[in-house]
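Full structure from sequences and hints, please.
One point on numbering: in my numbering, the residue at position 398 of the sequence shown is 399, and numbering is uninterrupted.
Do not rely on the hints blindly, as some may be mistaken.
Straight-line Cα separation of at most 30 Å, DSBU-like style, residue types lysine-lysine; simulated pairs [to be verified]:
no.: 1; residue 1: Lys90; residue 2: Lys40
no.: 2; residue 1: Lys40; residue 2: Lys95
no.: 3; residue 1: Lys90; residue 2: Lys451
no.: 4; residue 1: Lys5; residue 2: Lys90
no.: 5; residue 1: Lys238; residue 2: Lys149
no.: 6; residue 1: Lys563; residue 2: Lys90
no.: 7; residue 1: Lys34; residue 2: Lys51
no.: 8; residue 1: Lys563; residue 2: Lys551
no.: 9; residue 1: Lys238; residue 2: Lys51
no.: 10; residue 1: Lys442; residue 2: Lys298
no.: 11; residue 1: Lys6; residue 2: Lys304
no.: 12; residue 1: Lys298; residue 2: Lys203
no.: 13; residue 1: Lys442; residue 2: Lys95
no.: 14; residue 1: Lys40; residue 2: Lys26
no.: 15; residue 1: Lys5; residue 2: Lys34
no.: 16; residue 1: Lys26; residue 2: Lys6
Rather than coming from a laboratory, the hints here were simulated on the basis of the structure. Remember, predicted model here, so these are calculated numbers, not experimental data.
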Amino acid sequence: MKDKKTILLICANGASTGLFAERMKKGLHDNEKWIIEAKPVSELPLVVAKYDMILIAPQIGYERSRIQELAAPYGDIDIMEIDPDDFAKGRTDKILDQIRSRDDGSEDCMTLHDDERGIQMSETAGKKSFMDRMSDWMQKFIVPIGMKISNQRHLAAIRDGLTILIPATIIGGIACLIAIPPIPSTITEPSNFFYAFLLAWKSFAAANSSVLMIPYYMTIGVIAIYVVCGVAYELAKSYKMDGINNMVAALLVYLCVSGAVNLETVSLTIGKLGAAYMFSAMIVAIITVEINRFFAKHNIVIKLPDSVPPNVAAPFNVLLPLGFTVIVMLLIDSGLTAWTGAGFASLIYTIFQPLMSATGSLPSVLLINFLMTTFWFFGIHGANMLSVVTTPITTAALAANAEAIVNGTTPPYIYAGAMNSVFGNWITYNVILLVIFLWCKSSQARSIAKVAVVPSLFNINEPTIFGLPTVLNVYTYIPLLLCGMLNTAVYYLCASANLVGRFYITLPFTVPGPLQAFLATGDVKTIILWIILFLCDIPLVYPFIKTYDKQLVAQEKENAEKAAEAN
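Structure below.
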């Protein structure tokens, strides 16, 4: 057994595996100097070479082939999937024992080998239920399509490039919240301590607004700059090109055609670098990197002597394609301005505006909700599968809403930020656990609920999904689907009628639902709505979970009787 070992656990966001990794560390022997870390799967290309072993969380098991491709160039890296039941119940001791057995050579893998799976599948092929056959059909036909879309190089670069922006948008959003307090205009007198605090906050924000808003203007206010940099960097890295030089090149090209340059004042107009111009930034990033790649592939570069260090030669590799791209894009921008009166960035904004509106419509949002819930029903991370489509839309909408708040106007978009999660099944998973605690008798269900309740409060639902389980379970799928649709539709209609606020701030996804609803919208009424929806979900969830509970109790009783007979 190796005393030193580096192990990486990966899932969609790194949260559920983070909890699992911490528990694994506590189970190590004194002589085991193992490094155990957890990261989101999007960061794997940057860190894969550091690890001896990669453990895949069950919700992203469909990513295994891509993970194997990423690990292949770095030699003998063990790649294994964590058993869903062990993952849900936090059986880290079992996982550690299986890893030790693997090192000792007494066990080849902590999950079944493909050939062992094949034998078992062939033995039980005739016994498969309808749900098993549906799952197989999904894995065979739907998941590969979803994977091709999710892993499409340019879409993935956009998704991952926007993910890089999250810390910056959180800082900008919090600055906006502090500088523009969500205090009703009806509060004018400090009649109690709470009102006195709110009025003091409002007075402080008004006196220091110019300073407090700087982080906002330097993040969300110029978000297009971050977008072009993030997308260009991720796309270049996917081609194994120099990320920094391509990022700088894309930034230069974008600034040239952004319309933000004011030659009279020799300054940049921040308004031309905001949320409305995110899509033009994405397109410029892709065009720049692709042109750089074309030049490099055909060896159209400035060649320096071999004695020149690589870090010195690297900038010269993009010099010719950068000059070409700048000239071509400036010609396109000038031509469009002469022809339409609007430059490249403004034209792209005009083209994508209907797409934003269509994607943010209630039917579209409900369809996205349905697809996410259905993917999770088959044990596939729904949000991750759809993120290449939804992330650009929700990020742009969130930034546009923040700009509207700063300008004192009504935010234009309802489908923005984490709206579909906060007012979706994040509510329902907590309701399921409450119903189990209050009315269920099954020892299995109650034991899972005890393990899952704390993570669920922080929107980490994998213990429930794989432990109860909700995977291939119609008793949980139907209420999750119904409640998710209801919650989303009610919030959407309330926001559409301006009864509650709209999302304009990004927060860590682990912020509890009611608190996140308030902080992300700046409207305390969203907490009330969240609680009302929580209560409304209870009668919808109860009959399904209670029926499932009766089934589990009967099964537990039968197992106990068989065990008694065996003894």
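Going down the list of hints, with the structure as the test:
1. Lys90 / Lys40: holds, 20 Å
2. Lys40 / Lys95: Judged against 30 Å, a Cα distance of about 21 Å means the pair holds.
3. Lys90 / Lys451: holds, 10 Å
4. Lys5 / Lys90: It holds: about 27 Å lies between the C-alpha atoms, which stays within 30 Å.
5. Lys238 / Lys149: Holds - the C-alpha atoms of Lys149 and Lys238 are around 19 Å apart, at most 30 Å.
6. Lys563 / Lys90: holds, 24 Å
7. Lys34 / Lys51: Cα-Cα ~15 Å, so holds.
8. Lys563 / Lys551: holds, 18 Å
9. Lys238 / Lys51: OK: Lys238 and Lys51 at ~17 Å, within 30 Å.
10. Lys442 / Lys298: Violated - the C-alpha atoms of Lys298 and Lys442 are around 65 Å apart, more than 30 Å.
11. Lys6 / Lys304: violated, 42 Å
12. Lys298 / Lys203: With Cα atoms ~58 Å apart, Lys298 and Lys203 exceed 30 Å; violated.
13. Lys442 / Lys95: holds, 27 Å
14. Lys40 / Lys26: holds, 15 Å
15. Lys5 / Lys34: holds, 5 Å
16. Lys26 / Lys6: Cα-Cα ~12 Å, so holds.
The structure is inconsistent with the numbered hints 10, 11 and 12, although it conforms to all the rest.
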